[in-house]
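Q: Residue-level listing of the chains:
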Amino acid sequence: MARAIWKGRITFGDVDVPVKLYSAVQSQGVQFRLLDAKRHEPIKQHMVDPESGKVVEYADIRRAVDTGAGELVLVDAEELAELEPAPSREIEVTRFVPHNEISHLWYDRPYFLGPDDSDSGYFALAEALRRKKVDGVARWVMRKKEYAGALRADGEYLVLVTLRHAGEVTPASELTPPGGRDLDRREVEMAKRLVAAMEDELDLAAYKDEYRDRVLELVEAKAAGKVVKFPKAPAKKTEASLADALERSIAAARKRRKSA
Amino acid sequence: MPDADDVVEQPSARPFWSGTITFGLVSVPVNFMAAYRADRVSLRMVSPEGRPLSRRYFTSRDEKPLEWDDIVRGYEIEKDEFVVVEDDELERLAPERTRDIDLRVFVKVDDIDPKFFERAYYLTPAGQSTKAYRLLAKVMEDTGRAGIATFVMRAKEYLVAIIAENGILRAETLRFVDEVRSVEDIGLPDPAKPKAADVKRIERAIDGLTEKALDRRELVDRSAKRLNELVAKKVKAGEDVVEYEPAAEEGDGGGKVLDLIEVLNRSLKGAAAAKHAAKSGKSGGRSASADGEDLGRLSKDELYARAKRLDIPGRSGMSKQELVAAIRRSA
Numbered sequence: 001m002a003r004a005i006w007k008g009r010i011t012f013g014d015v016d017v018p019v020k021l022y023s024a025v026q027s028q029g030v031q032f033r034l035l036d037a038k039r040h041e042p043i044k045q046h047m048v049d050p051e052s053g054k055v056v057e058y059a060d061i062r063r064a065v066d067t068g069a070g071e072l073v074l075v076d077a078e079e080l081a082e083l084e085p086a087p088s089r090e091i092e093v094t095r096f097v098p099h100n101e102i103s104h105l106w107y108d109r110p111y112f113l114g115p116d117d118s119d120s121g122y123f124a125l126a127e128a129l130r131r132k133k134v135d136g137v138a139r140w141v142m143r144k145k146e147y148a149g150a151l152r153a154d155g156e157y158l159v160l161v162t163l164r165h166a167g168e169v170t171p172a173s174e175l176t177p178p179g180g181r182d183l184d185r186r187e188v189e190m191a192k193r194l195v196a197a198m199e200d201e202l203d204l205a206a207y208k209d210e211y212r213d214r215v216l217e218l219v220e221a222k223a224a225g226k227v228v229k230f231p232k233a234p235a236k237k238t239e240a241s242l243a244d245a246l247e248r249s250i251a252a253a254r255k256r257r258k259s260a
Numbered sequence: 001m002p003d004a005d006d007v008v009e010q011p012s013a014r015p016f017w018s019g020t021i022t023f024g025l026v027s028v029p030v031n032f033m034a035a036y037r038a039d040r041v042s043l044r045m046v047s048p049e050g051r052p053l054s055r056r057y058f059t060s061r062d063e064k065p066l067e068w069d070d071i072v073r074g075y076e077i078e079k080d081e082f083v084v085v086e087d088d089e090l091e092r093l094a095p096e097r098t099r100d101i102d103l104r105v106f107v108k109v110d111d112i113d114p115k116f117f118e119r120a121y122y123l124t125p126a127g128q129s130t131k132a133y134r135l136l137a138k139v140m141e142d143t144g145r146a147g148i149a150t151f152v153m154r155a156k157e158y159l160v161a162i163i164a165e166n167g168i169l170r171a172e173t174l175r176f177v178d179e180v181r182s183v184e185d186i187g188l189p190d191p192a193k194p195k196a197a198d199v200k201r202i203e204r205a206i207d208g209l210t211e212k213a214l215d216r217r218e219l220v221d222r223s224a225k226r227l228n229e230l231v232a233k234k235v236k237a238g239e240d241v242v243e244y245e246p247a248a249e250e251g252d253g254g255g256k257v258l259d260l261i262e263v264l265n266r267s268l269k270g271a272a273a274a275k276h277a278a279k280s281g282k283s284g285g286r287s288a289s290a291d292g293e294d295l296g297r298l299s300k301d302e303l304y305a306r307a308k309r310l311d312i313p314g315r316s317g318m319s320k321q322e323l324v325a326a327i328r329r330s331a
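Here the protein sequences line up with chains A and B, keeping their order. Reading the first sequence from the start, the letters are residues 1 to 260 in my numbering. Reading the second sequence from the start, the letters are residues 1 to 331 in my numbering.
Excised from the complex, chain A in its bound form (with noise of 0.2 angstroms):
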C-alpha cells in the first residue's frame, strides 16, 4: 500500500469529499551520480561567490530576484514567507466543463485520490462525474504551494492531475498554421486511408524504454568486466514522391495488417 503524500477535502456546493492524494506517477530514470575522475568518489558542491572566489555557506546565501533590466532585487525569507499562501485542506472545485474539454497542453502531474474516511462520497463523486461526463477544476494548496489541477473520474476512481499556470501555455488556438497552395484532395483522401490502415487500439503498455534497459545492461556488463556490444545502426530510407510514397505505403500497411 502506497502512502498518501497529503490529505484534503474536495468542495463544491453542498459536496465536501475527504481524500487523501498519492502520486500517480514513479520515475524510472537511471540516476547517475558525478564522481571525482581520479578516486571515483562521489564530489560535492559549494555556492561559490565567483568575484571572490569564497564558498558561501548555506546559511548566508541569500534571494534575490532578477528583473532582467541588469537589477537584482534582495528578498528576505520573512517576505517570501508573508507571500506563501494560508494552509488549507480544501481542494475547491470552481467549475466543470465537458470530459477531455481540457487540452493536453494544460496537464503537468497526475494524482490518484482514495477514500479517507468513509468511502460512500468518494465513489459517488466518481460515479457523478462519469455520468455527467464531466472534468473538474480545482484550485488547492498543498505544501506551501498552489495548484490548479483537473479532477477526472479514472474507471471507478478519482484523478487529480495538475494544471499549468495560465502564462506557461500557449494554445494552438492563438498560432497561425503553416499556409501554402491547396492540397491534393486525391492525397488526402490517400493519407486518410493510410491512417485508416494503420488505426488501433491504444497498448501503451506495448511500449518500452528500451535504451534505459541498454544503459543498465551496460552497466551490469561493465561492472562484471564483460566486453560490451553496442547495437548496429539501421540502413536508411529512400526517398520518394508524395503521392507514390502514400500509395506504396497503404500497400505496405494492408499486407502488415493481413499477416498480423
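No lab work stands behind these hints, which were simulated from the structure alone. Bear in mind the structure is a predicted one, so any value in this text is a computation, not a measurement. Any given hint could be a false lead.
[As the list claims (entries may be wrong)] Away from chain A, derived, C-beta distances all over 10 angstroms, residues of chain B:
hint, residue
1, PHE16
2, LYS308
3, LYS320
4, ALA325
[As the list claims (entries may be wrong)] BS3-like cross-link-like pairs, simulated, lysine-lysine; straight-line CA separation at most 27 angstroms:
hint, chain 1, residue 1, chain 2, residue 2
5, A, LYS208, B, LYS108
6, A, LYS192, A, LYS255
7, B, LYS308, B, LYS320
8, A, LYS7, B, LYS195
9, A, LYS229, A, LYS208
10, B, LYS308, A, LYS44
11, A, LYS192, B, LYS308
12, B, LYS156, A, LYS222
13, B, LYS64, B, LYS320
14, A, LYS7, A, LYS144
15, B, LYS79, A, LYS38
16, A, LYS132, B, LYS300
17, A, LYS192, A, LYS7
Cβ coordinates follow ideal geometry from the N, Cα and C atoms, glycine included.
Dock chain B against chain A, hints included.
A: Frame of chain A, contents of chain B only:
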C-alpha cells in the same frame, strides 16, 4: 519557495531539437519548439552583498576544487561502489538516433490517458515544402487521431503522441507504462457501490457549476503574482535593489524576452521563412546535427532549459560555459 527547477524555458527562436516524422514512406521534417514559457520570476542565490553565486564542485575528501574535465558519471551498483560510464558509451547505445519519429500506430486522441502526458513541443515544418506537414496535420485533426511512436532525443528515449490542432502539429511526450502507478500499485480499496441519492445530489451540485470551456483566469499563478508585486514595490521604492552587470556571457539577445507566439508563428511559416529570420543557415532536419550545433550561441536561459531536460545535476548554479560543457557531455 519556488526553486530553480520551477523555471520554464524562455521562448527561443531556435528549435530545441529537429527530427523527421515518418508515416509509411512519407517523411515530414520538423523542428521541436518550446510550447511553454516562464510564467514566474525565478529566485537566484546571491551572496550577502547581493552578488549572484555559482555552483562549484569539490572533492568530498579534501574539498579541492574540481573542473568539469575532472568529473565523470557513475552508476552506484552497491553502496559506495560505482561503475563509471563514459559519454561516448551512452551515445553508442542509441545508434538509431536517426531523428526518425516513425508513426506506426494511429489511435483516438481521447483514448490517451491524461496521466501519461508529460510535456508538449510544437512542431514546425523544417523541410523545403510544408505540404506533407499540412497533409498529416489535416488528416489527423479531421479524424481525431494521434500518431504514436518512440524515438531517442538527446540520449533519452521518448514515447510520444503526435497530435494536430488548428492545423498545427505538436508532440506530447508520454510517460512509459512502468512510470505510471495503477490503482493496484497504490492499493486503493475496492470500489463500493455508491447510494443513488448521493450520486443524484452531487450531480445537482455539478449542474450548477458546469460551463462549456476552461477559463484560463482560473489558472493564474497567484504566488508568482504576489512575488512580482513585492518586487515591483521594492524597485519603485529603490529598496534592496542591487545593480549588477550580467556577465557578457549571459543572454545573446541583450536580455530581451522573445514573444513566444511570434517566435512560433515565424517558425510555422516553414523552413524558408524561418531560415531567413533566424539566419540559422540550416536546411532540413536531417542536416541539423545536435552535436554540431553551436551551443555557445544559445542564451543562458535556453541552455538552462536544456540542462534541465537532460537532468544535469547542479545546473541551477552553473555559468554559461559550464552549462555548454555539461550539455556537450550529456547530449
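Q: Identify every previously stated hint that the structure contradicts and give their numbers, smallest first.
A: 11, 16 and 17
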